[in-house]
Amino acid sequence: MLPARRAPVENDLDVALQRLAGPALPERADTPDRHITAVRRLPAIAAQYAPFPEGLDERLTCALATRGVTELYTHQAEAIEHALAGRHTVVITPTASGKTLCYNAPALNAILQDPSSRALYLFPTKALAQDQLAELQTMCDTIARGSGEQIGVFTYDGDTPQDARRTIRARAHLVLSNPDMVHSGILPHHPRWAKLFENLRYVIVDELHAYRGVFGSHLCNVLRRLRRICRHYGSDPVFLCSSATIANPRELAERLTEQPFELVEKSGAPRGEKYFIFVNPPVVNHQLGIRRSYLSETRRVASEFLKRNLQLIVFAQSRLTTEILTTYLKDDFEGIPGAPERIRGYRGGYLPNRRREIEKGLRDGVVRAVVSTNALELGIDIGALDVSVMAGYPGTIAATWQRAGRAGRRTTRSAAVMVASSAPLDQFVVRNPSYFFDASPERALIDPDNLHILVDHVKCAAFELPFTTTEEFGRHDVQEILGVLSEQGLVHLADEPSGAGTPRDTRQWTWTNESYPADAVSLRSVSSDNFVVVDITNEARVIGETDFSSGPSTLHPKAIYIVEAKLYQVERLDFEGRKAFVREIDCDYYTDAITYTRVTPIDSFAAEDNRSHGEVHVVSRVVGFKKIKFYTNENVGSGELDLPEQQMHTTSYWLAIPARLLEALPYASDDRRDGIAGLAFAVRQVAQLLLMCDRHDIGISIDTSESARIFVYDNYPGGIGFSAPLFQMHHELLTNTHRLIADCDCEQGCPGCVGPVGNTGPLAKAVALRILHLLLEGVAV
Amino acid sequence: MSSLADRVRGIVKPAADVAPPFTPADAGVRDIESLLGGEWRDGCFIVERRSPAAARHGRETIGALWRRLDRSSSEASLFASGAPRPPFIFFDLETTGLSGGAGTHAFLVGCGRFEGDGAFTTRQFMQMRGADERALLATVRAELARAGAIVSFNGKSFDAPLLETRYLFHRLAWDRDDLAHVDVLHPARRFWGDTAAHTECSLIALERRLLGRSRTGDVAGFEVPARYFQYVRTGDARPLVAVLDHNRQDLLTLAALTARLLHLSHAGPGEARDAGEALALGRTYARAGDDDRAREAFLRAVAMSRAPAGAFDPIRIDSLRALALAWRRARRFDDAAQCWRQLTETRGCPPHIAREAAEALAIHHEHRVRDLAAARQFALRSLEAEVPPAWTKAVQHRLARLDRKLVSQKSEVRSLWCDA
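Sequence order for the protein chains is A and B.
Under our numbering, the residue at position 409 of the first sequence is numbered 409, and the numbers go up by one with no gaps.
Under our numbering, the residue at position 167 of the second sequence is numbered 167, and the numbers go up by one with no gaps.
Where hints are given, some of them may not hold.
Unchecked claim - If we take Cβ atoms under 10 Å as the criterion, some of the chain A residues that face chain B in the derived model are:
| id | residue |
| --- | --- |
| 1 | V455 |
| 2 | R621 |
| 3 | G624 |
To be verified - With beta-carbon atoms standing in for the labels, derived distance ranges:
| id | chain 1 | residue 1 | chain 2 | residue 2 | range |
| --- | --- | --- | --- | --- | --- |
| 4 | B | D42 | A | A170 | 28 to 38 Å |
| 5 | A | G68 | B | A145 | 50 to 60 Å |
| 6 | B | D291 | A | D163 | 23 to 33 Å |
| 7 | B | A205 | A | R356 | 28 to 38 Å |
| 8 | A | D163 | B | G82 | 15 to 25 Å |
| 9 | A | R356 | B | E345 | 21 to 31 Å |
Read the hints as simulated data drawn from the structure, not as lab findings.
Beta carbons: idealized from backbone N, C-alpha and C, even for Gly.
Here chain A stands alone, though its shape is the one from the complex (with noise of 0.2 Å):
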């Protein structure tokens, strides 16, 4: 399938990254403080075809070869293989490899050859449904004209009609819905999906590495709940499951279902050579550490691509960006008025029509540059780019494969640019490209038996079905968990013996409530004791919620509040109402609270050298906050805060730096509490990247009473599963933290490593730089 000679878009893509990144293509060695810090190439990987397994529908082998595919790639036969056989697969392959067939081969392959077969599909988001909604049926719609076979696939959502969802559950052999539709509007019903639940033989979970941290410890609860109602109805469904890449993709899988895993990770599919460019924009104020704008780095970037007539994606991080990149290329280069636009903006909440015209515009080739947040990251077929451009690091480095990936012909050359911006894991990443290509992705963390998310779950799970006296659910005692519930009066255990001459253990626990629990659980946060976010700009409408714990850091007055990358402000709290009232705004900065936190640790789960992790009581209180630009990382302001006091226990990691140590530095001690703080400040930066989690998962609290302590706990009540992988990671973390600093072009601190020199004091660089070069000599490799 490779042309018989070059085409010409191979030219101008090389003319275009020479003038970026100089005349050495292809790949030379990185260059951490230039302003290109790395070239990689990646070679090109001819296909790798297989056969269609046996055992195959030969009306769904007709119906693939009807669209042009007479032949498998290595991965999605020996995914099908696998789910054929009645083994659960996760498979990892990169974007555009076709994965989607891995799963709808075999659920379609089910229902052709006995009808009453059913597949459950669940996607994070309901615009990933409805993408998958139309490929599916245009493959049913091929398979009910060759062979008259109908087969019925539905969306199943909070959007569906009352109506539609009686005729959804006696038709549709493929019901495609979320985790959220399938805890409230699915599980607690199943009475009424009989027919799906008695006839279940595949349950498809797409993008596995979304269900991380909260969401994933609800999923796994969820799939408990659904595992035990397929039992209650005698079926043992096969999960197929598709993931990007992550380190850990059989493992999460195992987690999520509680199931052995096979895993499919070599992909078959061919693709084409491909460049990696990082590029630093330089900096303009060395005393401050203040670079160039990454915007407009990115848009000259772009350009140079634009002006070539090659087809690019431009993804950026917040709606305001996306905006402003957008204004920026349509000045540069759309062409006269009338004529289709050349240059789209995208995000995730226009409505679906727009959408679809952008996406087909891509396909077709009339857009020639897309900017877009990350809705355009996952799934959605925009055919493929010659270039990606990223302003700003992604965030996780499966992120940035994932945006990397949607430029990549299969044959001829793509490209893909991440501009860094000041923000310290950008400075990191673009100073440290082996850290992103030669490490391996991060681990995909959750904790489902979180007490807190385990007790709402047992609720659900008891309303749905009674427990019996033998039953499990969890790594916890469920039985025990059910006698305080009843305490409660939410459940009961009949006295009496049910029915005449029935032994004693079957007895069951029945659920004495009117209220219905799945409504008081939300599954991206721990504990319903939700603040909610009210926007006031029109007509008051919730725009989301907040984890109690995350209320007051996120959500006090005066804060900046980012909902799907839209800018509002926080103009009261109603703390005892857990509302916050938010209006939107268009502004240049953001704002982080000013924290103080006590840690007591109660009791300490592991403890090696100066490093422990286990379970800790948190008191916490915001102060203040403080006002920091956009892009320039900057302070430009500040403000008090008078909050009410949060307690909670959680789980933590914390390091310990022995005092003697501490008095051997050759500083005085205003000074030595400085690196501390410039340390703590790194180390948090590192600790998010290490477990691939947002700002708000963790914090960080400094105790120096005798020897100093650095605390990195979870920040949600009952731990969500971080600190005991950091307490494994301790070494990377300390190294990691130390390139950090080290690594970067300040002299006396700044927001890219320890801190703005305002806030940490003039020496903390250096002394926090000595602190870890004594604590990584300590420290046995």
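Place chain B on chain A using the hints.
Below, chain B without anything else, positioned relative to chain A:
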């Protein structure tokens, strides 16, 4: 580290409506047969009561209700599809919650029916223990086996789907898909709900207004689940006595309301108490395609709605309009025109209805009376007040046509003159 139980206690908040601790009750109050006055039959606990024909429910005797129902039972088809016919079984559930779903079930299925001698018997099927539900469902199925229709209040949206879920849950077949279901809530709203006065249309409110009956010491609907859970946890059946009584009263009231509905439909608009009832009756007949009876009802509604001069009466307006449309359907155009005219003269007539009336009169005068000048007047009137653009276009189209006709009429006349 605190025990698992302590940690869970720290997390779970007590349910608001429950008062722990739950001490098991003494044997005396556990004797449900004597306490509730019921017995076990085939694994199901049944409480049966009989209200004699001479007893009163509100202003009427039960026997009187029965006679009226019996005479007018054929009218039930006006209120439900599926050929409802006697014997009617009145039907009301008491449940453990309002949400539906696998964890909500009906612990009490109340069924009532009239006997041949005019008495009203209720059979209340109760789930006293967790394992009884299957027996309950099987018994209810047997009870309904020979019913000609079930009658409920909001049963189509709530009671029936909930029961359906329970049958599905227990994999019990429901073999009466043919059973007609008369849900009285919707006709009740039409006949007796008064949106302008915001009068309540709950069963209790209707009982008060229409039957002249008020309850004392009745248990409120939202208390019912808590009483049942109390019994489940402690074995004390006393809280259930009031629930059973409440359910029985609901069934009787349901029967009384149904009797009134059917009687009214059978006897005709002469029996209507007010214009609202007559109007609703007319609409009911119209929906069933019975135009003659519908017109009669609308006429009566108009007659009964003679409000004091100058007062705004929405029922009068709706009745006039309904009557106008009914006359038009029957091709009695002059009668229709009279109604439209009355509407244009009625004070407080909403603009869209006034417009409609003016337009109808414009059409009437253009095509039937052939009084083009009058037609034009009415067409102009229909443009008064705020009108949507599409309407304006249509009316202007008509005006243009009328003008053309008027001009050609004049020239016709002139040419006639000339020829002569």
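Determine whether the Cβ-Cβ distance between D42 (chain B) and A170 (chain A) falls within the hinted range of 28 to 38 Å. holds (33 Å)
Does the Cβ-Cβ separation between D163 (chain A) and G82 (chain B) fall within 15 to 25 Å? holds (19 Å)
Under the criterion of a CB-CB separation shorter than 10 Å, is R621 (chain A) in contact with chain B as hinted? With a minimum Cβ separation of about 21 Å from chain B (threshold 10 Å), the hint on R621 (chain A) is violated.
Hint says 28 to 38 Å; check whether the CB-CB distance for A205 (chain B) and R356 (chain A) agrees. violated (51 Å)
Look at the Cβ atoms of R356 (chain A) and E345 (chain B) and judge whether their distance stays inside 21 to 31 Å. At roughly 55 Å between Cβ atoms, E345 (chain B) and R356 (chain A) fall outside 21 to 31 Å, so the hint is violated.
Go ahead and decide if the range 23 to 33 Å is satisfied by the Cβ distance of D291 (chain B) to D163 (chain A). holds (30 Å)
Hint check: 10 Å Cβ-Cβ cutoff, V455 (chain A) to chain B: With a closest approach of 6 Å, the V455 (chain A) hint holds.
G68 (chain A) versus A145 (chain B) beta-carbon gap, inside 50 to 60 Å or not: holds (59 Å)
Chain B contact restraint for G624 (chain A) - C-beta distance below 10 Å: violated (31 Å)
Hints 2, 3, 7, 9 from the earlier list are contradicted by this structure; the remaining hints agree with it.
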